[in-house]
Amino acid sequence: MSKYDFQYITRVLANLSGIPTRLFKNGLQTYYYSIVYLPKDPMVVYQNEILSIQEHVGYFITPEFHVYGVLNSNDYKLIIGPTTQILSSDQSLKKLAFQADIAKDDTAIFVDNMKTIFRMPLENLLTTLCSINYMLNGEKLELKDIAIHHNEQELMKKDIEEQRTKNVYENDKNTPTHQTLQVEEFLMDIIRKGSTKDLQEWLSNAPLVHAGILAYDQLRQLRNTFIVTATLVSRAAIQGGMNAEDAFSLSDTYIQRVELLNSQSTILNLQYNMIIEFTEQVEKIRLGKNPNKLALEVSNYIHHHLSEPISTALMAKHFYLTRTHFSAKFKKETGMTLTDFILKEKTEEAKRLLRYSDKSISAIATYLGFSSHGHLTKVFKKYVECTPGEYREKYQ
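Positions 0 to 395 (numbering that gives the first Met the number 0) are the ones given, in order, by the sequence shown.
Hints listed in this document are in silico derivations from the structure and should not be mistaken for laboratory results.
Incorrect hints may have been included.
35 Å max Cα-Cα, derived DSBU-like pairs, lysine-lysine [claimed, not checked]: (1) K393 x K350; (2) K192 x K350; (3) K196 x K343; (4) K350 x K381; (5) K192 x K331; (6) K381 x K316; (7) K94 x K350; (8) K139 x K114; (9) K330 x K94; (10) K196 x K331; (11) K330 x K103; (12) K24 x K103; (13) K358 x K103; (14) K196 x K393; (15) K283 x K380; (16) K103 x K39; (17) K192 x K380; (18) K283 x K343; (19) K114 x K350; (20) K377 x K94; (21) K381 x K331; (22) K343 x K114; (23) K114 x K316; (24) K331 x K283; (25) K380 x K343; (26) K377 x K192.
Label-pair ranges, simulated between beta-carbon atoms [to be verified]: (27) N14 x E183: 45 to 55 Å; (28) L313 x K2: 51 to 61 Å; (29) E138 x C385: 50 to 60 Å; (30) C385 x E54: 44 to 54 Å; (31) C385 x M335: 13 to 23 Å; (32) A107 x C385: 26 to 36 Å; (33) Q6 x E200: 50 to 60 Å; (34) R219 x D100: 37 to 47 Å; (35) H317 x K377: 19 to 29 Å; (36) R219 x K330: 50 to 60 Å; (37) E138 x I226: 28 to 38 Å; (38) I226 x N112: 26 to 36 Å; (39) T338 x E244: 22 to 32 Å.
Using N, Cα and C, we set each Cβ at its ideal position, and we do this for glycine too.
Work out the full structure: start from the sequences and follow the hints.
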């Protein structure tokens, strides 16, 4: 029998931090404590990855940039999280609820209560775990000793991207310093247009560039270059129509993430993924090569409410227009009806979920605001020319 009361430690940590904390023994959860009520523990989405962490102190960052801290002592595993330094959007939390199989009726309270979890800086979280680790394991750890764990498949995409990233961002001693303005302007223009096809083609044959010295430590230099790049691409994305708050929030999360990385390859991979994600975000909201202000605002609105039933009447009210005038104006300026655009966007999200998740078609229909499985099937068949089941079978 252990001389320590692990349940007591778990409960005290949860009370002190304001973050859900759970205790595992020999791989099985024996205790959970949180001062914040959640209908279901969101850790279930990444439980296998988190439980695989074997270091005395470690942490896991989800693709949504939620952090889980882990402490191992003999047969016990203490896990605290999720916490994040930036308030998550309603849409990202609804998506997390969907991934965790939280009932539709419980989603609203899950979203609201997730926002009340204390947002603790990662350094503070790890320092707290290091203190408990010293008590339990008699080991003095520094922050630099702690390994990061994350979902490589989600964040790094394909192995080839690492090589492509190096082609774009590795230093070339034969290239004059700061002669990168033309390259920068070309890349920013691609992001503004949201052209992922042009970006992929450019990255495959990109010229080598050499960044000016921003710091004399190599990793610090890479991080500083990353931060400059994040600033540039977020501004380009805003110019391309991306909501400014969304762009700055995404930029902030990437900058926080890069400060946690300790190798050249992971920093370069993250930078590549950041550029791709900003370009994809712009591509999603642009309805043409030169969309007008209304089209961009409508597109941003839809992408913020994909998991809800979206009606033209509700949107017209949001934009302070009558339903008839709003629909006619959108059709005139974009060449498509508002209903068509909404359903096409929901269909694209359904395609992604069918390919990359194991959620049932009924669950996907509910998540995307369709009235039934049959409603989604009818819409899906109209735009994709096959049923959701046939589409999933084709790509899985």
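A quick look at each hint next to the structure:
Among the hinted pairs, K393 with K350 is consistent with the structure: their alpha-carbon atoms are about 11 Å apart, no more than 35 Å. As the CA atoms of K192 and K350 are separated by approximately 24 Å, the hinted pair is consistent with the 35 Å bound. Straight-line distance between C-alpha atoms of K196 and K343 comes to about 20 Å, which keeps the hinted pair within the 35 Å bound. Taking the CA atoms of K350 and K381, the gap is about 13 Å. The hint holds against a cut of 35 Å.
Restraint check for K192 and K331: satisfied, since their Cα atoms lie roughly 22 Å apart, inside the 35 Å limit. Simply put, K381 and K316 have alpha-carbon atoms about 28 Å apart, close enough for the 35 Å limit, and the pair holds. Only pairs whose Cα atoms come within 35 Å are accepted, and K94 paired with K350 is accepted, the gap being roughly 15 Å. Annotation: proposed proximity of K139 to K114 holds, straight-line Cα distance about 33 Å (limit 35 Å).
As the CA atoms of K330 and K94 are separated by approximately 30 Å, the hinted pair is consistent with the 35 Å bound. Distance check on the hinted pair: K196 and K331 sit about 28 Å apart at the alpha-carbon level, within 35 Å; holds. Between K330 and K103 the alpha-carbon distance is near 33 Å, which keeps this suggested pair within the 35 Å criterion. Distance check on the hinted pair: K24 and K103 sit about 32 Å apart at the alpha-carbon level, within 35 Å; holds.
A hinted pair counts as satisfied when its Cα atoms are at most 35 Å apart, and K358 with K103 qualifies at roughly 14 Å. Distance check on the hinted pair: K196 and K393 sit about 23 Å apart at the alpha-carbon level, within 35 Å; holds. In summary, the hint linking K283 to K380 is supported, as the alpha carbons are separated by about 21 Å, within the 35 Å threshold. For the suggested pair K103 and K39, the alpha carbons sit about 12 Å apart, so the restraint of at most 35 Å is met.
Restraint check for K192 and K380: satisfied, since their Cα atoms lie roughly 30 Å apart, inside the 35 Å limit. Restraint check for K283 and K343: satisfied, since their Cα atoms lie roughly 11 Å apart, inside the 35 Å limit. Restraint check for K114 and K350: satisfied, since their Cα atoms lie roughly 29 Å apart, inside the 35 Å limit. For the hint pairing K377 with K94, the CA-to-CA distance comes to about 23 Å; that is within 35 Å, so the pair holds.
The hinted pair formed by K381 and K331 meets the criterion: a straight-line CA distance of about 23 Å does not exceed 35 Å. Between the alpha carbons of K343 and K114 the distance comes to roughly 30 Å, so the proposed pair stays at or under 35 Å and holds. Restraint check: the Cα-Cα separation between K114 and K316 comes to about 27 Å, which is no more than 35 Å; the hinted pair holds. Taking the CA atoms of K331 and K283, the gap is near 20 Å; set against the 35 Å cutoff, the hint holds.
In summary, the hint linking K380 to K343 is supported, as the alpha carbons are separated by about 11 Å, within the 35 Å threshold. Taken as a hint, the K377 and K192 pair is honoured in the structure, with Cα atoms around 32 Å apart against an allowance of 35 Å. For the hinted restraint 45 to 55 Å between N14 and E183, the CB-CB distance of approximately 50 Å keeps it satisfied. A beta carbon spacing of about 60 Å between L313 and K2 agrees with the range 51 to 61 Å that was offered as a hint.
Distance hint check: the CB atoms of E138 and C385 are about 56 Å apart, consistent with the given range 50 to 60 Å. C385 and E54 have their C-beta atoms about 46 Å apart, which keeps the hinted 44 to 54 Å range intact. For the hinted restraint 13 to 23 Å between C385 and M335, the CB-CB distance of approximately 22 Å keeps it satisfied. Distance hint for A107 and C385: a CB-CB separation of about 33 Å, consistent with the stated range 26 to 36 Å.
One distance hint, 50 to 60 Å for the beta-carbon pair Q6 and E200, holds here, with the actual separation near 57 Å. R219 and D100 have their C-beta atoms about 43 Å apart, which keeps the hinted 37 to 47 Å range intact. H317 and K377 have their C-beta atoms about 27 Å apart, which keeps the hinted 19 to 29 Å range intact. Between R219 and K330 the CB atoms are about 52 Å apart, so this pair conforms to the stated range of 50 to 60 Å.
Between E138 and I226 the C-beta distance comes to about 33 Å, which sits within the given range of 28 to 38 Å. Remark: the range hint 26 to 36 Å for I226 to N112 is upheld by a beta-carbon distance near 33 Å. Checked against the given bound of 22 to 32 Å, the beta carbons of T338 and E244, roughly 27 Å apart, stay inside it.
Hint check: no violations occur; every hint is consistent with the structure.
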